[in-house]
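Asks: Okay, here's what each chain looks like letter by letter:
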Amino acid sequence: MTLALGTRAPSFSLPGVDGATRALDDYADVDALAVVWSCNHCPYVQAWEDRMMAVQRDYGARGFRLVAINSNDAERYPADSFEAMQRRARERGFNFDYLLDEDQSVARAYGPERTPEVFLFDSDRRLVYHGAIDDSYDEQGVQVHYLRDALDALLDGREPPVAETPPVGCSVKWRN
Amino acid sequence: MKVELLYWRGCPSYPEAQRLIEEVLARAGVEAAVELREVESDEQAARLRFPGSPTIRIDGRDVDPVGAETPPGLTCRLYHLPDGRISPLPTREQIDAALA
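Residue numbers (my numbering), protein chains in the order written: chain A, 105 to 280; chain B, 26 to 125.
To be clear, the hints were calculated from the coordinates, so they are not data collected in a lab. Errors might be hidden in some of the hints.
As the list claims (entries may be wrong) - Covered stretches of chain A, as calculated for chain B (at least 3 residues, CB under 8 Å):
#, stretch
1, 239–248
2, 269–277
Stated by the list, open to error - Here are the simulated distance ranges between beta carbons:
#, chain 1, residue 1, chain 2, residue 2, range
3, B, 67, A, 270, 37 to 43 Å
4, B, 85, A, 132, 55 to 61 Å
5, B, 85, A, 212, 15 to 21 Å
6, B, 71, A, 187, 20 to 26 Å
7, A, 119, B, 108, 32 to 38 Å
8, B, 105, A, 166, 42 to 48 Å
Fair warning: this is a prediction, and the values are worked out from it, not measured in the lab. Just so it is clear, CB atoms sit at the ideal spot from N, CA and C, and this is done for glycine as well.
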């Protein structure tokens, strides 16, 4: 079951590609936190990856953090292993934390269906936006910037204009 | 002409792939039905040499011969666009070229 709007962010404590363990409380000082289900192998994630970095770059100074979590079964999808995550983060120069949810317990708590899939929380860590980053995996076809619009509103003390959109991407690869 | 669209339901791109193929065929004036083949297991993926969804073959030839060499599996297929971007679908030009 996917987290409902208004619900508080479930806690997590997960290893990051930089070797540090990151917990939800580590981001307590930011006004807006986006937890994005992600992975390495999915072409939708790869198509949106630059935009994930751009959002972190453009909103980081305004009290925003983006955290990507990979919950995919790496036994069936070796391209999503921790070592591959570390390699991809290094090669692509990720400016956001990239965490591994190996036992998929965090995914079960949030209920993502796709990668990428955004859960945006306010300063009380209540869910205010859930869904896609924007309305097209093809950057040249984007017309509505859902995540940016939600952030602009949130950081300005308003409700996001759109609170929920269908996520588009690869399915989360659950263990059997 | 035989036009095949091999797909896996775990990847959402196949309806768009079908529309794209039908557009390219119509624009090229080619009258051919798109044969849909669902791939449901790793075994079937291996047998069909299915490198991911969607895979488009025209008279048995993959529209992206380089990507066709990817090991088979139930996954979304990754296409490299000419400008270096990554896409879950091939370009119209790739399908056009395979029709020629």
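Asks: None of the hints should be skipped; say for each whether it holds.
Replies: Structure-based check of all given hints:
1. 239–248: With 3 residues in contact (Cβ-Cβ under 8 Å with chain B), the coverage given for the stretch 239–248 of chain A holds.
2. 269–277: holds (count 4)
3. B:67 x A:270: 37 to 43 Å: violated (28 Å)
4. B:85 x A:132: 55 to 61 Å: holds (58 Å)
5. B:85 x A:212: 15 to 21 Å: violated (43 Å)
6. B:71 x A:187: 20 to 26 Å: Holds: the Cβ-Cβ distance is about 25 Å, inside 20 to 26 Å.
7. A:119 x B:108: 32 to 38 Å: holds (35 Å)
8. B:105 x A:166: 42 to 48 Å: violated (34 Å)
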